[in-house]
Structures are given as structure tokens and as C-alpha cells.
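A.B. asks: Required output: the full structure, derived from the provided sequences and hints.
There are 2 protein chains.
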Amino acid sequence: MHLQHLETAGVKLTATDNGFSLVYHGRVILSHSPEAPCLWMGHGRADIKMFRGNFSIKDRLNEKLALTEATMTSQADCWHIRFSRGNVISATLTVGLDAGGRLLLTLNNDADSHNRIWLRLAAQQADHIYGCGEQFSCFDLRGKPFPLWTSEQGVGRNKNSYVTWQADCAENAGGDYYWTFFPQPTFVSSQKYYCHVDNSGYMNFDFSAPDYHELAFWENRATLRFECADSYIALLEKLSAWLGRQPELPDWVYDGVILGIQGGTDVCQQKLDKMRQAGVKVNGIWAQDWSGIRMTSFGKRVMWNWQWDSELYPQLDTRIQQWKAEGVQFLSYINPYVASDRPLCDEAARHGYLTKTASGQDYHVEFGEFYAGVVDLTHPDAYNWFKEVIKQNLIGLGCGGWMADFGEYLPTDTVLHNGVHAEIMHNAWPALWAKCNYDALAETGKLGETLYFMRAGYTGSQKYAVMMWAGDQNVDWSLDDGLASVVPAALSLAMSGHGLHHSDIGGYTTLYGMKRSKELLLRWCDFNTFTPMMRTHEGNRPGDNWQFDSDDETMAHFARMSTIFTSLKPYIRQAVAQNARSGLPVMRPLFLHYEADARTYSLKYQYLFGRDLLVAPVYEEGRHDWTLYLPEDRWINLWTGEAANGGEITVAAPLGQPPVFYRAESEWQALFASLRLIDSAGSTR
Amino acid sequence: MHLQHLETAGVKLTATDNGFSLVYHGRVILSHSPEAPCLWMGHGRADIKMFRGNFSIKDRLNEKLALTEATMTSQADCWHIRFSRGNVISATLTVGLDAGGRLLLTLNNDADSHNRIWLRLAAQQADHIYGCGEQFSCFDLRGKPFPLWTSEQGVGRNKNSYVTWQADCAENAGGDYYWTFFPQPTFVSSQKYYCHVDNSGYMNFDFSAPDYHELAFWENRATLRFECADSYIALLEKLSAWLGRQPELPDWVYDGVILGIQGGTDVCQQKLDKMRQAGVKVNGIWAQDWSGIRMTSFGKRVMWNWQWDSELYPQLDTRIQQWKAEGVQFLSYINPYVASDRPLCDEAARHGYLTKTASGQDYHVEFGEFYAGVVDLTHPDAYNWFKEVIKQNLIGLGCGGWMADFGEYLPTDTVLHNGVHAEIMHNAWPALWAKCNYDALAETGKLGETLYFMRAGYTGSQKYAVMMWAGDQNVDWSLDDGLASVVPAALSLAMSGHGLHHSDIGGYTTLYGMKRSKELLLRWCDFNTFTPMMRTHEGNRPGDNWQFDSDDETMAHFARMSTIFTSLKPYIRQAVAQNARSGLPVMRPLFLHYEADARTYSLKYQYLFGRDLLVAPVYEEGRHDWTLYLPEDRWINLWTGEAANGGEITVAAPLGQPPVFYRAESEWQALFASLRLIDSAGSTR
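From first to last, the protein sequence lines are chains A and B.
If you read the first sequence in this note's numbering, its first letter stands for residue 1, the second for the next number, and so on.
If you read the second sequence in this note's numbering, its first letter stands for residue 1, the second for the next number, and so on.
For the record, the hints were derived by calculation from the structure and aren't laboratory data.
Check the hints yourself; a few may be wrong.
[Stated by the list, open to error] Straight-line C-alpha distance at most 25 angstroms; calculated SDA-like pairs for lysine to any residue: (1) B/Lys-144 / A/Arg-45; (2) B/Lys-324 / B/Ile-233; (3) A/Lys-49 / B/Lys-159; (4) A/Lys-49 / B/Ala-170; (5) B/Lys-159 / A/Asn-158; (6) A/Lys-300 / A/Pro-314; (7) A/Lys-58 / B/Asp-251; (8) A/Lys-49 / B/Pro-147; (9) B/Lys-58 / A/Gly-398; (10) A/Lys-159 / B/Gly-513; (11) A/Lys-144 / B/Ala-278; (12) A/Lys-159 / B/Asp-251; (13) A/Lys-159 / B/Leu-397; (14) B/Lys-58 / A/Ser-208; (15) B/Lys-446 / B/Asp-251; (16) B/Lys-159 / A/Lys-300; (17) A/Lys-49 / B/Asp-211; (18) A/Lys-159 / B/Ala-170; (19) B/Lys-159 / A/Pro-147; (20) B/Lys-58 / A/Lys-300; (21) B/Lys-49 / A/Asn-158; (22) A/Lys-159 / B/Ile-57; (23) B/Lys-49 / A/Leu-61; (24) A/Lys-58 / B/Gly-513; (25) A/Lys-159 / B/Lys-159; (26) B/Lys-144 / A/Leu-61; (27) B/Lys-49 / A/Asp-176; (28) A/Lys-159 / B/Pro-145; (29) B/Lys-49 / A/Ser-208; (30) A/Lys-58 / B/Lys-159; (31) B/Lys-515 / B/Trp-546; (32) A/Lys-58 / B/Ala-36; (33) A/Lys-274 / A/Gly-398; (34) B/Lys-58 / A/Glu-35; (35) A/Lys-159 / B/Gly-368; (36) A/Lys-274 / A/Trp-242.
[As the list claims (entries may be wrong)] FRET-style restraints, in silico, Cβ to Cβ: (37) B/Glu-620 / A/Leu-397: 55 to 61 angstroms; (38) B/Gln-124 / A/Gly-543: 52 to 58 angstroms; (39) A/Asp-198 / B/Lys-515: 57 to 63 angstroms; (40) A/Asp-211 / B/Glu-311: 18 to 24 angstroms.
Each residue gets a CB set at the ideal place from its N, CA and C atoms; glycine is no exception.
C.D. replies: What follows is the structure, encoded as C-alpha cells:
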């Protein structure tokens, strides 16, 4: 099978005895024979139930057929592979190149009677797999299936944890290892290729077989793109060229810690003053309740009516300007729903801007003692209207940023303006929500000056979500839902093309007897110092949690760590700029720079922060030392100045000294060396 | 489609526009069209993992095809329906009669490439479904799937219970609503037909669709039998004529309560004397540790080496005869495994009587700090050898009976002498184990004199398991695994053709903080008084549980209830004889006798004991009264003599007075009336 331009592009299709193999730059992508086919199609009926963002998803499978026969033909600029099974079913796979020269596989069902596809990509036993969006429990995805569906991330996320069981009993909210706000049908293989799928329906990428990866699609067509590179860094550059890259962060982000505060203008002022007096570098106040509060049996909730509540926040407009002059941004909050009992929802309803029920009524989603309409972001007028809400009510007020929350709750039985089934739009929704925020900034010239941060994501969030945060960790030490889980989350997102990530300092979810301890808050602060943004959260039950101002020692801790963070500003800014330029993430798996070191491929809980800092956060309670792995290089312990080469090493790890090493050869070594002179008050000794 | 003898037998096959319908005595059994086919076939690979009798079962499904086309032809004495899907797959359904004149459907795959079948039987929305062996959580099976696989029953059996979660975390032992020792592919529809399947591989009977019942088989052929009747009683008579019936119980069974005792000859004697002195009617001692004990971290375990341990039980041989003369039987214990470190296992191994691994070694199953070989009951010599063990070591010792425990643990990867895959033999095993016991009795002329009781079962257990017990309930009040669960267990088994059932008085499983209370023991004693056999169990942690001799009041309670039980002897004996004669179970769903009363079809926790006693056990803690439902009849409260007609009624329900009514018209009314004169010491006032 010869097609000159495809072969020049590295694509080789070879007929075998009774099938074919498709090779791309030496990597076997597809291998087919009647005995070991690569394609199944079928028919199923999705059974999807949502309760407060927690999904139960089952497939009532009606049919599944192996398409054992394959016939290849050369077309003008591509190959057609016609798959069939007797006279019952057939499908066509087109093998060609996309406009960017990537290998493009488009699979089309020849009839409409089937809506399920299983495609097996060839694999080798030794392959490692990374990506699939933000994965909190796994980094190397080999050995498990990963259903891809944006949802709540789950509370506990491990069926053997008591917290998970309680959350499951309460509202099916416990979750599992694959639950995520930000799934994405993109993975990177250690064969140094990426595979990206354009679809947005429910998918399941199963990496558990030794000799294939099975991609399941709940649609009747699929489009896959592949690129190869000689290094992971080059591969991520190609991937981010396709997906888009995040712009640089506003410069003020590196100037301190953003304090999560609630309760009104006075409380914000008081806490700001208190922290600044304690020597803490503060660059922002983030007040999610700027639009008011609603009392429920769960506790205080934000009022989902996106305009300044001038009763709870008197003089906020002028105070924002005053704070800004002092180098302190005011950040607010918004999400893409409007509370059913509030004026903004009435306005949306009046204009027909809400998604609908099957019978044409406005769809109202239950959020826990209140309902909210879903702004129909597929409706151009609704999209523009909501964008104007952001422009006028948030940017217009002078907000330096906001949390752009949610995006995962699109019900699959709601009817959308664009005519696409909500089952298909569900995953796409978070990126659409991101774009609405992005456009609001772009159109007001505020990109690079104003910042929003998101938890939900999908393909497209690389370009439109300018900063991710890890969502709602438990205020505990659990591997699957505590501090530790943030590291694989950041790294898997990095391998999915998104390079900017941070987390709530101290975690968020405070339920089922969990309470944030002082130790957890300080360890999390230590960790976040070595991420591109520092921001605290009180948690959903602030009174149960240790807070940044709970005692003098804690404030002194934040003073010192925020000083270290701000001291790193030029280094972090450079890493962020590199991410914007070439898609090299700020928090990086070690194998990006040490790819010859086999051990680095399974490191889940340590990372490189930029090129020259190696960070291994302490994620267990009561520890005084910590063991980490150093790839072969010349390393200096950030806190002691001691040198080390490669291998496993155990270091002292008191609070305030998270295990961090820097490269002796770094151009920043003088800066790094200066950090150990910063004393407990945040001053340089 | 005419075939005279089939039409005479009530079978009608009619071609429709593009399919067919099969009607049996007016009941639509199959309905087929290309749009709504009745048959799917496919291919899968079973993924079955066992840990101590707890199974994780998944199907790695490769294919599933609807066989949309159907062509009918008349043969000499049957119809052939050839199903196909294009030129890809075909199968033949033969519709005929079996030797007994039952509707017989045999389904054969035309090629060997497929090993999964889904057959949809026509259903009506209003159908109720009963049977499927012993079901502890459901009685009416409509609305759920029921996987059929003999296994441990689970500890807790409800994912929302804390006990279940703990058991799941510990060893995947929590179970679910369908876990059972005794599954059976037999169900009774309220359309008054039964359907029985001859297969023994893994099956899943799914009764959740409104218009069909889907039967899934992990085999490439299936055989189904149907019969109809005008009444449920007549239907059960037909079903038990096919499956076999239990013989009558030994007469001594009705003479008192069998005391579960462990610890040696002296302990048995002491407890026997103590109970008899307290006025308790005792007809047996059941000592499971007669063959010795093994100390493990779990506690004392029985030594699985089936011969009298004369150190722990000195003079047992002579004492057995002495007790027998006093009307007290000695019952022992056996199961179909032999402890790997004991002589009986050596003997079996020497003769090649154990099941094998794939590589031909003896297979040893892990049972918790010890291993045991599996006696290969498909090997005629091994079967006979083990039958001789029963004859010589149990019957020869003079045992009046034994618990014939286990049978559910056949690993699916062991290799059997008869060449049938263990995946297919797994379900069949309990009935084979039952037959081994049955043959030992039959060949020694002891049927009707000696009694064994079993928890595991399958098709065939109707004939070969002469008494069932409900297995290992929790010593708690939970619906799914406590006292309550015994009632649907007995009733679903009754609808599956087995009419003799009882349970451990007080339950068994004492784990995760559960401890048997005095109240639970007494309520369970009250319940068991109205079953065909009374027998206590200390539980797996005797020291944690309230026991029959824990105080004088408890012993007096047993004295009175055992006197009531023995007083009922002629009534129970008659009901048991009727079961032996016609398959009318001793514990009966109310609708057997009140089929016009729609409400009786959903009663899960009350039953008829024989024809004339209606029993509604109290299964909640701390209750003083109890509400039950009486179908239209003339009823007398057993304890107060008050009359009642049909409807819901609330009665006083103190300990020792379980809610029981008898029919005023009963020939036994004088006997029933006399029971309320039995005082607390067990004497008649």
C-alpha cells in the first residue's frame, strides 16, 4: 500500500497474511487480523443518573461485534480500510494526515444502527501511559480502565476508606480512582507518541491489557490524531501546539499568597491587616461570598446570583481600588448556573437563555436545598449575555480574578440550543465555560492582568482555562483524596497539555468527622510554595478547620513560606513563560528531563518545579524525615546546602522544610542558595 | 405450524408478520421479531476470582449479537427454529416435549465460536417471580437481576451497612442481595408456570424489564423446561415431581431442640443435664468439633479430618449409645474438604482422589491459616471412598446426624476427573456433595432415621439434601443478613422445590463488633419453634454471644418453646409427610392458599407453617407489638384465643409469643388451643 506523502510523513500501512498493520514513525499503532481484530462496534443504551454531580453510568449493551474482515484501498490522499463482519455490519477507517501533518484516523460507521465503538491500539507490555486529563489516584495509567466523564471528583475516592463509604451511603458521592473534574481523551505513551481523540461523548480508555489499549466510544464515529517525537519535551510541545497553551500568569500572582476569606468587607480587611502585620506577603483576597450567602442545613452557601452583594460587602468597590494600590487583588467567584429564586435566573429565563427539559420547560438542577438554571452556553445570545455578566459584574467591579467554579453538572437529559445531545455536550461543557471567561478577559484586554482559576476541564481548557486548581481535596492525609493526590493530578494534567496547576492550601472537604489539623495546613503550605500560585481555602466548614490565622506560629509559617515563594518569582515566571511558549509544564514529571532513568516513570508523588527544583512533598502525618528519589545529577538540598547525586535519599523534613533539591548547575543557584537565609519571620538573615 | 401432539400438549407456535410467538397453555413464552428479538449470542472470557468462598465474577465480553432472523420448520416430533444474524452466526432452538410431557426448549449454537447466550422470555408487567433457589434479600424477584452462583452468602449483604463495608474491606466478604449458598435456575411466574434450566454454568436471571425476563448463560447451549398448572400447589407438585422431593424427617426430630455444643464429652453431658433439668425438651447434641480442633488467630476451628477425636471426646462411642437410649441423638459434622496437614488428606492424595491443578498437582484451597484438598466427587472411586468415610466414621460411630457443611468453594481453575470444566461443575457441586451423604444413608438403610443438614445446594438438592439450614446469619437484626432474612430464604427455596428449612437459633456470624443479645436469641427461638426443626448454634465467637444456658430465664424460655414445638409434633409430621408426598413445602408463602389475595404476593416476612398456622416472626429489636397481614379467613390468635378475619392487624408480641394465628376450621384446632396452656416451665397448666 503506497502513498508517497503518507510514507514521507512516517505512516506505513502494510498488508499482512490476513490483516494489516499500521506503523507511524516506527510505532505500531494498529495491528489487525481476524483472530485478533482491532475494531468492534455495537449498540447500547446509556443509563446515566446524576445526583449533585455524582454520576452512576451504566451501558445497557445490546450488541457488540468484532469487525474481523478488513479491505484496504488507496485513495487520492489517504487509505480507506473497510472493516466488516459478514454481511451484518461495516465501517470505514480513513488513514490520512490532518492539516497540521498529524496522523489522522477517522472511523465512520457505515450505518446508523450502531452507537458503540471499541478500537484497540497496539501496545507493548512495557509501555507506560500518562495523561487522560487530571488523574488524582494514578499517574502511570497502565493496568486500569479510565472512564472519561467530567463529574465531581468524589469524597474519599477509595472504596476501602471509611470516608468514601460514608459519602457513598449519603449521596453516592464517594467516588473512585478515575473520578475527575477534568477528564480528557488524550494520552502519552512511553513509546513517545501522543494520541488525542476529538470526541466528547462518554469514553473509556482501558490500559489494562498487555498487548493493546482499548478505547471505547459511546458514539458512532471517532477521530484520532497522533504525533511522535524524539523526546517527551518535544512531544508536549507538539501536543500543546495542537491543543493550545496557557498565557503567562499576571505578574502579581508571584507576589504573595492569596487569602481565602469570607464574611464581608470588614472581615477581609481585618484578616489582611493581621496577616500583613505578621509579615505575610499577601497579594490577594479571594472572597467567594462576594455575591451573598444562602443559609442551608449544610451550612452557609454562596448565593448564585452573580452580582456584588453590597450589604455583606459594603464599600467593596472603593476598597478594591485601595487594596489594589497596596498590591492586593480582590478575587471573587462565579459558576455557570443561576439560582432559580434570584433575579439573574429570572433574566436568563425571560430571554430563553436556560437549557430546557424535553418538554421545553427551563431545566432546574438540584444543588442541595436550592435549584439553579443552567445557562445554555451553546446559545450564542446566552453565551454573550453571561460573558457580559462577567465583564460588568466582576471585571467592572475591579476584580483581579475569580474562581470560575463547576462545569461538570450538565444533565444528560437537558435539551440544548445547538441541537447536540447533552450526552455528547456534557464533557465539552467545562471548556465552553472556560472559553466564556477567556473571551470576557480577551475582549476587555485583561488577559495577563486578571486571573480566573478552574477545576473542571476538557479538551480546549489548555487554551481557555488560564489556571487550574485541583478541586476539593479532603482535609486529610489520604492518598486518593488528600494532599498527596494533588501531585499526580498536576502531573497527569501536565502530560495532557495543561501546565499550570495549584491547589487549595489545606484542602477543602470537611465532612464525616474530618477536620483540618495545623500540621496538614502547614505541610500543604510548604507544598504550595513550590507551585505556580499560593491560595488558601477555609474549607466547607471553616469552624472545624485550622486556618492561616489560627495562631502566631501558623502566621509566621505563612510569612516565611510566602517570602520564599515571592523570592522565587523570577524563576517561576521564567518557567511559566516557557510553558506559554512551548507547552513545557511548570510542574513536571521527572522523566521529562531524565528519560533514560527507568525509575522516574513510576514516581507519582514527586516532581520537578521548573527545570532546576526537585520537590517531594511530605504527605504523611507525623513525619520528621522523608525518603525521595534523585535521578543522576548534581543536587543541592535547598535547606541544608548538602550535595547529593542520584539515588534514594532520606532527608530531615521538619515543617517549613519540604524536601526540595536544586541542581548545582542551575543558573538560579545563587537565588536558591539565598532561600535558606530566610528566617521564621520571613526576613533574610 | 401444526404438530398435533404438541398442540395437544398445549404448545402453540405461530408465525407473525416477521417473527413468531410461542404460547404454552395460554402463556406467551417467547415472542420474536427482528426489532424485538428473543435471542442473543456472544463470546466472553470469564474472570472469576475466589477468596474463601467469596467470588468476584466479571465477564470480559468479546461479542454479543442479536439473532434477528428466525425460520421455523416442523420436524417429526418437534419444531426447529433456526435463528441467525446475516451470515455471521446461527443457532437452533428445538421446541418439543420431554419424556415427562413438559415443554422442552433446547438451544444449540451452530458453531463453537460463541459461549454466551441471552434468551428473553416474554413477560407481563404485572408478573411476580419467585424461586431461583434460596434468596435471602428478595422474595418476589421482579425488578432485579439474580446472578446464580453458589458461594458464601456474604456478611451483611447490603452495601449501605457498616458490617458489609467492614467485611468487604477485610476479605471481599460483604456480599450483596443475590449472594447465596443455594442458587438454582428455576423460577415460578405468577402466570402459574415454572421454568427450569438444566444448565449449571454461571447464569444471570434478570427480571428487571417490564416485558421480558432475560436469562443469560455462560455456555454455548441451554435446555429449558416448562410446566403450567391451575394452582400454585399443583405447580409445585409438578415441579417437585421433576426435581425430586425430600423424604420424611426422622421422627425424633420433632422431640425437642438440638443443642449446638462444643468442647468435648463432658461439656456436652453437663449442658445436656443442665438443660434437661431446666425442663427443656432436648432431642440432640450437635458437636461440630467431634473430629478435633485447630487453633488459629480467628479462634478455634474444626479439624477437617473426619474421624472421631477420642482425646477431645473420650468415651464418645459408648456415650452416644447411652444418650440415644435417653432419646438424645448425637450429631457431628463433615464437609467435602480434607485438611492438607492431616492423615485423611494423605490417604486421599495417595489414591489420587483430590482435584488437581492445571499442572497435575493436588489442588489445595486456602481456608484461613490452613489449606485443604478438595475430594474429587466426579471421580467414582473418590466419591465411594468419601462415602465410606461417612459410613464408617460417622454412621459407624452411631451419629444420629451431622451438618454436611460447605460445597460452594469449588475453585474454577481446578481440574476434575470427569473432564468437565470446573466453571460448569461449580454450581453442580453442592448437589453432588448432597448425593454422597444421601447414598451413604440409603446404602446403610438409615434414611428416615439419620439426618444431615446442608446450607449449599443446587438442582438435585431437592432429592439429595434431606434438610436445609439457612447458613450463617449475622447475630443481629439486619434485614439482609439477620433473623428476618431467614423467612424469604425458606420461602424462595419452597418455590424452588425444597420444602424443609430451618436456621441456627440465634444466628452464627459474630464479627465486627456484633454480639448476640438475649433478646435476639429468644426471638429466634420463638421463630424456630414454628419451623420443622429446632437447633441452636453458639456462633463463631461463643464467648461474645448470649447462649441457651446463659441464665435461668433463657433456659425456661427454651423449656416452654421446646414443649410447644414437641406438642406440634403430629401437625408438623403431617406437613412434612405432605411435602414428601406432593412437594407442598412446610413453610409456605401465603399465596399458595390465598392466591386470589393480591397482597399476599409481596409478603416477604410472614408465612404459613403447614396449612393452618400463620407465622409472622418479630424481627426488630425492642418491639412489644407487631403488625401483620391476615388473608380473608377465620383466624384465632394462638396466644390469646382472640378471633380475627382478614386484614392488617396489630397484636401484642412479648417474648415467647411470636405472632401466630391458626385457622378456626383446622382439624388441629384443639391441639393449637392447648398450646396457650403451656406455662413458662414448659408444663401444661
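A.B. asks: Decide, hint by hint, whether the structure agrees.
C.D. replies: Evaluation of the provided hints:
no.: 1; hint: B/Lys-144 / A/Arg-45; in the structure: holds (18 angstroms)
no.: 2; hint: B/Lys-324 / B/Ile-233; in the structure: violated (38 angstroms)
no.: 3; hint: A/Lys-49 / B/Lys-159; in the structure: holds (19 angstroms)
no.: 4; hint: A/Lys-49 / B/Ala-170; in the structure: violated (30 angstroms)
no.: 5; hint: B/Lys-159 / A/Asn-158; in the structure: holds (14 angstroms)
no.: 6; hint: A/Lys-300 / A/Pro-314; in the structure: holds (19 angstroms)
no.: 7; hint: A/Lys-58 / B/Asp-251; in the structure: violated (54 angstroms)
no.: 8; hint: A/Lys-49 / B/Pro-147; in the structure: holds (23 angstroms)
no.: 9; hint: B/Lys-58 / A/Gly-398; in the structure: violated (57 angstroms)
no.: 10; hint: A/Lys-159 / B/Gly-513; in the structure: holds (21 angstroms)
no.: 11; hint: A/Lys-144 / B/Ala-278; in the structure: violated (62 angstroms)
no.: 12; hint: A/Lys-159 / B/Asp-251; in the structure: violated (51 angstroms)
no.: 13; hint: A/Lys-159 / B/Leu-397; in the structure: violated (50 angstroms)
no.: 14; hint: B/Lys-58 / A/Ser-208; in the structure: holds (14 angstroms)
no.: 15; hint: B/Lys-446 / B/Asp-251; in the structure: holds (13 angstroms)
no.: 16; hint: B/Lys-159 / A/Lys-300; in the structure: violated (31 angstroms)
no.: 17; hint: A/Lys-49 / B/Asp-211; in the structure: holds (23 angstroms)
no.: 18; hint: A/Lys-159 / B/Ala-170; in the structure: holds (12 angstroms)
no.: 19; hint: B/Lys-159 / A/Pro-147; in the structure: holds (23 angstroms)
no.: 20; hint: B/Lys-58 / A/Lys-300; in the structure: violated (44 angstroms)
no.: 21; hint: B/Lys-49 / A/Asn-158; in the structure: holds (20 angstroms)
no.: 22; hint: A/Lys-159 / B/Ile-57; in the structure: holds (18 angstroms)
no.: 23; hint: B/Lys-49 / A/Leu-61; in the structure: holds (24 angstroms)
no.: 24; hint: A/Lys-58 / B/Gly-513; in the structure: violated (35 angstroms)
no.: 25; hint: A/Lys-159 / B/Lys-159; in the structure: holds (11 angstroms)
no.: 26; hint: B/Lys-144 / A/Leu-61; in the structure: holds (17 angstroms)
no.: 27; hint: B/Lys-49 / A/Asp-176; in the structure: holds (21 angstroms)
no.: 28; hint: A/Lys-159 / B/Pro-145; in the structure: holds (23 angstroms)
no.: 29; hint: B/Lys-49 / A/Ser-208; in the structure: holds (17 angstroms)
no.: 30; hint: A/Lys-58 / B/Lys-159; in the structure: holds (18 angstroms)
no.: 31; hint: B/Lys-515 / B/Trp-546; in the structure: holds (8 angstroms)
no.: 32; hint: A/Lys-58 / B/Ala-36; in the structure: holds (21 angstroms)
no.: 33; hint: A/Lys-274 / A/Gly-398; in the structure: holds (23 angstroms)
no.: 34; hint: B/Lys-58 / A/Glu-35; in the structure: holds (22 angstroms)
no.: 35; hint: A/Lys-159 / B/Gly-368; in the structure: holds (24 angstroms)
no.: 36; hint: A/Lys-274 / A/Trp-242; in the structure: violated (46 angstroms)
no.: 37; hint: B/Glu-620 / A/Leu-397: 55 to 61 angstroms; in the structure: holds (59 angstroms)
no.: 38; hint: B/Gln-124 / A/Gly-543: 52 to 58 angstroms; in the structure: holds (57 angstroms)
no.: 39; hint: A/Asp-198 / B/Lys-515: 57 to 63 angstroms; in the structure: holds (60 angstroms)
no.: 40; hint: A/Asp-211 / B/Glu-311: 18 to 24 angstroms; in the structure: violated (58 angstroms)
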